[in-house]
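K.L.:
So the chains spell out like this:
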Amino acid sequence: MTRPFVEIDQVAMRYGGVDGTLALEGCSMNINQGEFVAVVGPSGCGKSTLMRLVTGLWPATEGNVVVAGQEVDGPLTIAGMAFQAPTLLPWRRILSNVMLPLEVTPQHRDKLGRDRALYEARARELLRLVGLEGFDNKYPYQLSGGMQQRTSLCRALIHDPALLMLDEPFSALDVFTREDLWAVLQNVWMAKKPTVVLVTHDLREAVYLADRVLVMSARPGRIIAERVNPLPRPRTLETTYTAEFQDLVHDLRGYIAAARSGEEVAA
Amino acid sequence: MSQSASKMSPRAQARYNAMAAAARRQRRLQAMLPWLVIFGMFAIWEIGCIVFNVPVFILPAPHDIYAAAVRWWYPLLQDSLVTLYSTMMGFGLAIVAGLLLGIAIGSSTLVYKGLYPLLIAFNSIPKVAVVPVLIIWFGIGVWPAVITAFLISFFPIVVNVATGIATVEPELKDVLRALGARPRDIILKVGLPRAMPYFFASLKIAVTVAFVGAIIAESVAPNAGIGRLMMVASSRFDVPLVFAGLLTTGMMGIVLYWIAEVIERRTTGWATRSTDQNLAAGG
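So the protein sequences, as listed, match chains A and B.
According to the working numbering, the stretch in the first sequence is residues 37 to 303, in order.
According to the working numbering, the stretch in the second sequence is residues 81 to 363, in order.
Looking at chain B on its own, in the form it has when it is part of the complex:
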């Protein structure tokens, strides 16, 4: 800015400064906006409950939920950790299996043709329906939740990794093949790095649906976890506690999503550059 000041007319300089300031304001607003929205939602909720005098067992006000969360903080924490554990186990398995199968499907038409219909069929089965089977196989415990989380989060990963690998430009393949590259080289040097943005996009979906899977299993086979906590609480008509469980789950989802996004930005920034580059250097 300063070195260009000598060459710019005062009007142009003023206009440039105004645009840069507007861009800075825009960025500050963007950073604050999620908090404003969340806060606003709770405020409307609270006011609505008080104004319309909604009974606590229909819709508890945020302060009731907060009170329940404080009162039952220990079981809430313990069950959250159990759910988090099952979710992460299932999610971790889904990452490993999803990457491997995604690579296989993306790099071989044969595997793609052979497996894809089966995968589609499998993915259309509602996972709630599978939980009883899992209980018969693995008994009541942590495994049904882990496996349900795995089953539900594994499909988006497979599809995205496969897409990333299968869409490598044919010219690029030719360049490498004409150098004597083996198929493995092409996957390692081009296919996998290229699939990473797709992979991370799928992780953000997968990590949130993994929670759904774990909690479904915990609700059908109440052993431990947030799912069980909510089942127990609702059977006692302790609706504030049910909501405390829901909110805790939502918060865990946001945190995991955010972690996935940070890793994504660190590793695949090349894919999303230039989306907010305009005037970014000026601030």
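Looking at chain A on its own, in the form it has when it is part of the complex:
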């Protein structure tokens, strides 16, 4: 078997000096190229910290993070990120918001001037894929929350990132919009096959989207359970009402309950 794309080995993260808060401890996981992994856990368990460690935004206090065979010692340049808030730039139109990463990432910034038409076509194609065709000339405030989040997703994908980090991207949306976007994200993933790490506290979301679900313990966070998700793709809303789906969610719910009460679980 080839080497995993992301290797996290016994990582610890402590904020604010020696007696600061310990967010992660003894946290290990491997993620393969093109795999869709969801990380779930009780609130405050260090899920977002994990994202920042993997992308190299913050250094780990202990342990190693290796991405694409290289130890992470500074911010990656290959990652796309999306967060709970869409964080679009209100003064830019949708198309130019989506193209923002191309202006800063070293792989594309020099080519952007020459191949602008090509890149714009790519951005429009992405917008079409998430159902925002014809909105490229609007400003963010003219779009609903769900549409803004779709735009944010496009921005995370425009530079064809090898690694896509999603930190509770749908948790501020209503249930119906959220379920729509699950399908959108699944489509995008099946079309482009990036490696995805989705941090979420929605177990149905994790099971709908991921190939593998990792459960984190309460703070200090580490991986206490792992479930491979055998459900065939593409999954639909109907899938979420099947017995296999429900069982998986139920199982995971059990782990979360255990993690919240601080019990040890045999993974």
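These aren't lab readings, by the way, just hints derived from the structure by calculation.
Everything numeric in this text was worked out from a predicted model, so none of it was measured.
Some hints here could point you the wrong way.
What the hints assert, rightly or not - The following residues of chain B were derived to be distant from chain A, with all beta-carbon distances above 12 angstroms: (1) Tyr96; (2) Leu109; (3) Ala123; (4) Pro155; (5) Met168; (6) Gly172; (7) Phe202; (8) Asn203; (9) Pro212; (10) Val222; (11) Ile334; (12) Val335.
To be verified - Straight-line C-alpha distance at most 30 angstroms; calculated DSBU-like pairs for lysine-lysine: (13) B:Lys193 with B:Lys253; (14) A:Lys147 with B:Lys269; (15) B:Lys87 with A:Lys228; (16) B:Lys253 with A:Lys147.
Just so you know, even glycine gets a beta-carbon here, dropped at the ideal spot from N, CA and C.
Fit chain B to the supplied structure of chain A, relying on the hints for placement.
P.N.:
What follows is chain B alone, placed relative to chain A:
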């Protein structure tokens, strides 16, 4: 309106039309209101002076001021232009220095911690007290006025630009940093555009206080400008001319404020959208 007419009941249509008409009236009133208020103020002033028989050297009536302005129109114009020139010079310097220092303070905690106390201390010094020093350094002339205007208008610009840049959302920074963005990219692509509404808000304050600075300097070291004109006029008890100077200054302030606001609306309309969007499309 017309395409919805078929679907709406007559009552709903009438109600919609009434609301749209009310919104139009409201907007017309808003546009006229400043002129009504100014005109009303002068009217009350004029009537008050006549009714209570106020002596001209205490409070001249608007028609006295107008007469003085017409009589002394040439020195008034010349001195206004001098004051305008010093103000704009100082203001221009304040924009350049304020932007640069604001960016530095907003993007670096180190610069912020190091410089902020000094800036606060400096800003609390009354600028009148600095003018004599400036005269010793630069002599009597245009420079004390320029520099006083600069000193007084530079602080609001620094504070606002710094605030705009320092309050960039951490998530947005993460998005960009995870793409390999350099700190300069983040300032240029996000920090500065984001700081623009703050910057323009500060310009509107800065441009009016810049006048204060220039006129203070002109009054302390009477060489030229509206400040000197008013000093000379008041020493001759020509109170209508003093008031003519005051009104001219006020008018210049309004015009510059208005220019700043037009530029603001043109460039940062995204920040103030939706404040009066209700029914705006209907008119």
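K.L.:
Does each hint fit the structure? Answer for all of them.
P.N.:
Results for each hint:
no.: 1; hint: Tyr96; result: holds, 22 angstroms
no.: 2; hint: Leu109; result: holds, 27 angstroms
no.: 3; hint: Ala123; result: holds, 43 angstroms
no.: 4; hint: Pro155; result: holds, 46 angstroms
no.: 5; hint: Met168; result: holds, 28 angstroms
no.: 6; hint: Gly172; result: holds, 25 angstroms
no.: 7; hint: Phe202; result: holds, 32 angstroms
no.: 8; hint: Asn203; result: holds, 30 angstroms
no.: 9; hint: Pro212; result: holds, 45 angstroms
no.: 10; hint: Val222; result: holds, 38 angstroms
no.: 11; hint: Ile334; result: holds, 28 angstroms
no.: 12; hint: Val335; result: holds, 27 angstroms
no.: 13; hint: B:Lys193 with B:Lys253; result: holds, 21 angstroms
no.: 14; hint: A:Lys147 with B:Lys269; result: holds, 18 angstroms
no.: 15; hint: B:Lys87 with A:Lys228; result: violated, 46 angstroms
no.: 16; hint: B:Lys253 with A:Lys147; result: holds, 23 angstroms
The earlier numbered hint that this structure contradicts is number 15, and it is the only one.
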